[in-house]
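The residues making up each chain are set out below.
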Amino acid sequence: MADTWADRLSRKAGYDERSAAILILPVFVVLMVVALYPIIYSFYTSLFDIVLTRPWRRPFVGYGNYARIFQDPMFWVAVQRTTVYTVVTVSITTVFALVVALLLNEAFPGRRLLSALILLPWATPSIVNGLMWKWIYDPGYGLLNGILVQVGLLESYTVWLGNPDRTLFMIANAAIWKQMPLAAILLLVSMKAIPQDLYRAATVDGANVFQRFWHVTLPALKPGLMLVLVYETMISIRHFDLFLIMTQGGPGDASYTLSWQIYVETFRNLKFGIGAALSYLLAIATFVLSYLFIRGFGSKS
Amino acid sequence: MMWRRGLRALVITVLSLLLVIYVAGPVAWLVSSSLQSESDITAVPPNWLPPKVTFDNFEAIFAPPKREVTYETRRQGDPATGRFLPSGAENLLPALWNSFAVGMLVAILNLVVSMTAAYAIAVIHFKGRKAALYTILVTRVIPDIALIVPLFLVMRQLDLVNTRFALVVTYLAVTVPFTIFILISYFEQIPRDLYRAARADGCSHWQALRFVYLPLSLPALVASVMFAFLTSWNEFIFALILTQNITSQTLPIIISGFVMDFTTSFSFINAAGVIAIVPPVVLAMMFERYIVSGLTAGAVKG
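Chains as they are written, first to last, in our numbering: chain A, 86 to 386; chain B, 2 to 303.
The hints are simulated quantities; they were obtained by calculation from the structure and are not laboratory data. For every residue, glycine included, the Cβ atom is placed at its ideal position computed from N, Cα and C. Mixed in with the good hints, there may be bad ones.
Far from chain A by the CB rule (all over 10 Å, computed), these chain B residues [as the list claims (entries may be wrong)]:
#, residue
1, S38
2, P51
3, F59
4, Y120
5, K128
6, Y135
7, S186
8, V223
Below 20 Å or equal to it, Euclidean Cα-Cα: the simulated EDC-like pairs (lysine to aspartate or glutamate) are [to be verified]:
#, chain 1, residue 1, chain 2, residue 2
9, B, K128, B, E189
10, A, K307, A, D338
11, A, K277, A, D157
12, B, K53, B, E39
13, B, K131, A, D282
14, B, K128, A, E102
15, B, K131, A, D101
16, B, K128, A, D101
17, A, K277, B, E289
Only chain B is shown next, with the shape it has when bound in the complex:
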C-alpha cells in the first residue's frame, strides 16, 4: 500500500512539473529575452536568464526618446550599436490605450445587451424564442474572415473606418452570441419559483432581472465581462482591416507590424509582447474561479 501511495505522489509531481514547464516555460523565455540587450539575445547557446538585465526596450516604449536627429542620436540609432529601436516604437503607448478603451467598452456593452436578451430568451416564454436563439447562435458559424469585406463596406458607409467605435461594434458581434449562450444556461438553473414569486409581488420583467436574476448569476456575469475584454484585447483580423492609423489601431496590429519588419530586434518585439500579455494574464489569474465556473456553465449539461 505504501509504495502505491508513493507511486501516485511521484506521478502527480512529475506531471505537475512538466505541466508548469510546458505552460510557463515559453512565456518565461519571452520575458527573459525582452530584458536582454541585442548582443545577449543573439548569443549561442542562448542565455536562459539575462546576463545583464536591461530595460532599454520598455524605456523606449513608455518614454520614447526625443527624435532630434543629431550626430549622437544617429550614432545611437545605428543597428550596429545594438540599441536600434524601430521607428514605430512610440505607437505602442497609444495602441495600448486603444486596446484598453475598446476592451472596456466591449466588456460593458456586451454585458448590457446580452443579459437582457438572455433574460428574454431564458425566462420569458414568448413565441419564437427558439428561433431568436438560433438566429443569434448561427451568426458564429461563418468564419470571421468572410465578414471582413462586407463589414468594411458597412463601416465605410457609416463613416466609421479608423474609429475605435467600429471595433467595439464589430467585437460585440463576436462576443454577444457566446455570452448569451452562457447566460441562458445560467439563468435556466435559477429556480423558476423565484421568478413566479417576484412576478406575483408585482415585479416588472426589468425588476425581476435586476433583483432576482442578476444577483444570483454573479460568476457568469464576471465571466462574460472577462471573456469580452479578453476577446477584444486579443482580436487581430478585424482590427487589421478596419483600422489603418494610430488613432484606432490596437496593440496586436502594431506588434504584428514589428514582427513582419525583419529589421526589428526580437528583444524589442518580445518587450512589446510582454506588454500585450500582462493585462489579460493578470485578469485571467485574478478571476480564475469565475472564469472557470462561468465559461463551463453550459458545458456540464451538454
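Isolated chain A (complex conformation):
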C-alpha cells in the first residue's frame, strides 16, 4: 500500500516539489529526532506526576503539575530572581552595546582592530566566562577586591558572589560582558544602514550631536533595538551555565532562578513532571515577552 501511495505522489508531484522534499529531508529527520519529538514528549511528561524515586506509579494529573507549581512559594522566588536578573542583564547589555556601536560607527585609526577585539567575549565559552569572573570576584585573592582596595574605594576585602544582595548582579555582570559584543554588532549594522542624508539635513537644520542622536539615530534604530531586546531577553531568561558554575542557586536562594529550579526539580528531586511543566512555563513566558516587544516596537515601522 505504502509503495503505491509513494509512487503516485512522485508521479503527480512536479520536479520542484520532489527536489524540495529531498533537499529538506535531512533537516527534518534530524530535527524530528532531536527537537520535535523531545518537545512533544516533554509536554506529554508535564501532564503526569512522574517522580523517579517512585517509578511504579506515574498517574495522569492533567494541569495538576502546573497548579502545584503556582502554589509553590519557591516558584515565585524563582520568578522574582529571574525577572531581576533578566531586566538588569538585558537593559545594561543594550545600553552598553548602543554606546559601543556609536563608537565603532565613527571613523578613527584602530577601529578595525577594536571591532575584531570585541569578539573576544563573544567567543569565550560560558563555562570559562563563569570561572573567570568567579576568580575575579574571589573574596580572598580576587582582582576586584585587589583593585578596589589599591585604588582606595574599599577599606578591606569583601565578599561579592557570596553576598545574597549582590550575587544576581555579579552574575549579570559576567553575562553582560559576554553578550554585549553581539548586540553591539547587530546595532552597528543597523546604524550603517541609516542614510547619511538624514544626518546632513539635521545638521543643516542646526541640530547638535545629541539632537541628531535623539531625532535621527534612535528612531532609525528601532528595528535593530527590537531585535537586540528580543534576542537578549530570550537568551538571558534561560541562562543556566553561569548559575551552575558560579553559585548553584545560592547563597541560600539568592540566585534561584527558573532555569535553576528546572534543573533542581528534574535532576536533584527527580520530579520529571514538574520539571517539564516548569520548562513549558518558561517557554511560554519567552514567547509572550517576544510577542510584546515586537508589538510594542513594531507599531510604527
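Could you slot chain B onto chain A? The hints should help.
Showing chain B alone in chain A's frame:
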C-alpha cells in the same frame, strides 16, 4: 572648530581605551594567573603580572606526570608544596580532542543539511515552504533544559549515550535552525534572474545550488561554519547529561568539574580555561569579517 575636533578625538580615545580594558582585561587576568604558581596567585594584593612565569599547569595538562606513587611523588603532590594538581588533569587532553572532533563534525554536517534546506525554502517556491520554515524555527523556542530528559531517553534507546555522535546530532538541533535562517536571508538577496538563467540552461536544482548560490554566499557559509563550531565548542548542559565518561566528554564538562571541586587551585583552573578559550577566540578573530557580515545578514532587513 579646532577644539571640537580635539574633543571628538579625546572622547573616542577614552572610550576606546575603556572598551579595550573592559573586553580584554578579564581575559588578560585569566592568562596572567594561569602562569603563576599557587603562592603567587594567593598574594595580597594580587600580582597583576606573574612575578615568575611558570608553565607547570600547562605541562601537567599536555605532558601529564607519571602517576607512580613513591615518597617523592607523594611529597610533590602534597597541597602544601604548592604543586598540587587535580587527579583529573590528564583528562583534559582527551576532552580537548573530543571537543575538536565534535565541533568539526557539527560544523560540516550543519552546513550540508542547512544549505540544502535553505535553498529549498528560499529558492524553490514549493507549497508549504512557510510552514516548513516555521516548524524549523519554532524548535528553538523551548528552553534547552526542557529537552534534556527526552533527549537522554532517545539516545539511550539508540544506544548512543556516552558517544560523541550523540553530541553531534544534538548540537545540530541547536545550530541548524539559526543557520537556515541566516542562509535564507542570504539566498534571497541573490538576484532571481541568475536562478532563472541557470534553470533555463538546463541546470538541475542541485546544480543551481552548487554553481550559482554557493559561490555567491561565501561569507554566510563561512559564518555558519564558525557559528556551528563555536556553539558546539561552548555547549555545556547537553554534554553534561549525555556524556558521563572521558570517551566522549568535552572540555567544558571537565573544566566545570575542576571548578566545582574546591580543592583545585585556581591557577590550574585558569590554565584549563585558557586552553578552552584559545581555539574559539583565534577562529573568531581570523574570520571576524565573515562572522559579522554573515551573522547580521538577516538583521538588516529585520
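Status of each hint after checking the structure:
1. S38: holds (13 Å)
2. P51: holds (14 Å)
3. F59: It holds; F59 (chain B) is separated from chain A by about 15 Å at its closest Cβ, greater than 10 Å.
4. Y120: At roughly 6 Å from the nearest Cβ of chain A, Y120 (chain B) sits no farther out than 10 Å, so the non-interface label is violated.
5. K128: The claim is violated: K128 (chain B) sits with its nearest Cβ about 7 Å from chain A, within 10 Å.
6. Y135: Fine: 12 Å to the nearest Cβ keeps Y135 (chain B) off the interface.
7. S186: holds (12 Å)
8. V223: With a cut-off of 10 Å, V223 (chain B) remains clear of chain A, as the shortest Cβ separation is near 14 Å.
9. B:K128 with B:E189: holds (17 Å)
10. A:K307 with A:D338: violated (37 Å)
11. A:K277 with A:D157: violated (49 Å)
12. B:K53 with B:E39: Holds: K53 (chain B) and E39 (chain B) sit about 11 Å apart, inside 20 Å.
13. B:K131 with A:D282: Since the Cα atoms of K131 (chain B) and D282 (chain A) sit roughly 37 Å apart, the hinted pair is violated (cutoff 20 Å).
14. B:K128 with A:E102: holds (8 Å)
15. B:K131 with A:D101: Holds, at about 16 Å.
16. B:K128 with A:D101: holds (10 Å)
17. A:K277 with B:E289: holds (17 Å)
Figure legend: structure checked against the earlier numbered hints; hints not met, in rising order: 4, 5, 10, 11 and 13.
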